[in-house]
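Chemist: These protein sequences, in sequence, are chains E and L. For reference, each letter of the first sequence is one residue, going 1 to 399 in the working numbering. For reference, each letter of the second sequence is one residue, going 1 to 399 in the working numbering.
Some hints could be false.
Any copy, or any two copies together, can satisfy a pair, since identical chains are not distinguished.
[Stated by the list, open to error] Here are the computed lysine to aspartate or glutamate pairs in the DMTMM-like style, where the Cα-Cα straight-line distance is at most 20 Å: (1) K144 / E156; (2) K252 / D226; (3) K252 / D7; (4) K188 / E147; (5) K188 / D287; (6) K252 / E76; (7) K22 / E61; (8) K148 / D123; (9) K365 / E342; (10) K318 / E397; (11) K22 / E69.
By construction, these hints were calculated from the structure, which means they are not laboratory data.
There are 2 protein chains.
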Amino acid sequence: MTHNFSDRISGLKPSAIREILKYGSTPGMIAFSAGNPAPESFPVADMERISKEIFETMSTEALQYGITEGYTPLREKVRARLVSKFAAATDGDDVIIVSGGQQGIELSCKVLCNEGDTVLCEDPSFIGALNAFRSYNVNLVGVKTDEKGLIPEAFEEAVKREKNVRFLYTIPTFQNPTGITLPFERRKEIYRIAVRYGVMILEDNPYGELRFKGEDVPTFKSLDKDGAVIYCGSFSKVLSAGIRLGFVSSPKDVSQKLVVAKQVSDVHTNQFFQILANKFLEECDFDAHVASIRKLYGRKAALMREGLTASTVSVKDKVTFTDPDGGLFMWATLPSGFDVPEFAKKLLEKKVAIVPGVAFAADPKKPVAAFRLNYSTPSDDQIIKGTALLGEALCEELK
Amino acid sequence: MTHNFSDRISGLKPSAIREILKYGSTPGMIAFSAGNPAPESFPVADMERISKEIFETMSTEALQYGITEGYTPLREKVRARLVSKFAAATDGDDVIIVSGGQQGIELSCKVLCNEGDTVLCEDPSFIGALNAFRSYNVNLVGVKTDEKGLIPEAFEEAVKREKNVRFLYTIPTFQNPTGITLPFERRKEIYRIAVRYGVMILEDNPYGELRFKGEDVPTFKSLDKDGAVIYCGSFSKVLSAGIRLGFVSSPKDVSQKLVVAKQVSDVHTNQFFQILANKFLEECDFDAHVASIRKLYGRKAALMREGLTASTVSVKDKVTFTDPDGGLFMWATLPSGFDVPEFAKKLLEKKVAIVPGVAFAADPKKPVAAFRLNYSTPSDDQIIKGTALLGEALCEELK
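Bound conformation, chain E alone (with noise of 0.2 Å):
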């Protein structure tokens, strides 16, 4: 029987991304292409005794369907959380516990949008969200951004000249890929814009946690007086990412849609691990484990800018790479027209895998000259080691 597939499906295809993404994992090869919380992170001793704790207590509890908006005592412990390290979950909001970041993502444009209605990110953006959102069939517009991250105007413009402009979905902090912090005037200045026209903002702040310099940024949630802000978050880069644990803050009646989608979807989010990370959150001090991961990406991060800085002294002038203040990605600018595909192909070959800046782009068919880097998944030898073969093959080319 041949098989004919939705509209919305078959404009996603797998790109060729994606297989130097894969190539991430084969033996032998440095990936700075992953986005995998270090394994160190996990931890293992403190999730082992509380299962279990959960087997021999809980075990019904833990093994039988759950109700959509999540565990309620995890939702509460995520809610005092937010407003206490972020000013976020204002009084209007629900908070609700989803299947990892991603699910909290793909659910807002699923409620938001009907199709052909305008979404606007940053360019570049995070390729997960970007492919959720074209799988609705949504106008996918990228805004410009700079050094400091979205340009309000930018903004501005877009949504005056856009139809239907449902909501902007941005990663503020620690941005993926360019690891950027937006500053916080521009923040207000967007909060602003995006009032004024009855626009959403999708603050997605998996990193938030992962500050290793500078000062907090507040969150856009925190200027949320309005009810213009879902705000998703994550265990992935805190507890541990195969368990699919995310959360969304987002005023009530949005709050009421997304379950409505979610349990369409998945019903509710795996049970078990709602159990065990309310259980983490207050048995184990969330706080000094946060701190250990906090320090760890902070040294893997410096050691990679090291790297960078010696291996390409001789081409200072024509590469950059952003100083992010926390979070897992670094974004490498290269002069125009270089071809960084092409690059990455031949750098696989020195067993170094990267990832071109393309695949973060609104506009996949417009090229781009940067590629994005990542710290928290390999060693520290491999940082080394796999900085100094990029620099070296950079050099090559630039020279």
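Following the hints, complete the assembly by docking chain L onto the known chain E.
Modeler: Same frame as chain E, but now just chain L:
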């Protein structure tokens, strides 16, 4: 800010039925309204032992991101079981892991249907699936069923009448809500019709392992020489519902699209419990475990039927109950015009909860003189007491 929602979600209103479902969990209530597996069916000791093993020997793999298709050894074991037990998973098929059977259903609709396309289903059918289809703005059309299940002639008529029929959604074995198993002759006829008209079959088989009497009936998938069937299965009823673990066997090109859709939805299914399920299949006697669940539900079903027969003897010409060979549900049919929602409300005062048939109707505006009973969730005592109270109330109304 005013929040405007997408058409697809605005149409999905929380129904009055949900209120009745909620009462199921109030203290003292005898919940014949649930769809939960019996807690004593969870193999807690084995799961605890395997969890410990995972934390001690492969914690990184279990807590790190996995691939969207699912954990490879589990995919292989599921495929092997599908082949040996259900003659399912044909050579042309790929098996992927999903976050519960519900996700397989939702993703199938997402990849196959444009808005306005037609989806056919048994009338009545599983509300979670129907709402998933509604959330993609499809034209959902119920096909007439009788005491043997879906009527092939009614199916062919609907295929000819409706526009762009993309697939038939069916639960052929121990159907939810009726408990009916579609005879093999009808399956063959429906399959032939589907192939003739290029309509796919979405076969939902979450209860297939739970036969407690009669002979196995071959699945639609076992007939699938034409790549016409998407087969969804689940670990919810044979391992644990709260861990959200299911699988889909479908033609390779369909699987690839399902993977693309799943990637933007939740990236992958909980990695820890994929590994746990794999080890359970490897190390434990799954057949013996399933046999014990079958025995449990066979006993509970018999207890419910005996209770109902005894308590409705004076109105036995006015109410009939299905006699399922497996699964979790029984279906009561009443004289046309009987106000079931009103009856269900009154019954709540007697502390017995049932689900009015209208909850399962493809067209929720048409009254349905029937209700669903579940026997897997309540205890034996509750079944005895609840069927007596239910029978008493029915006799009062029908006398």
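Chemist: Return the numbers of the hints above that this structure violates; sort them in rising order.
Modeler: 5
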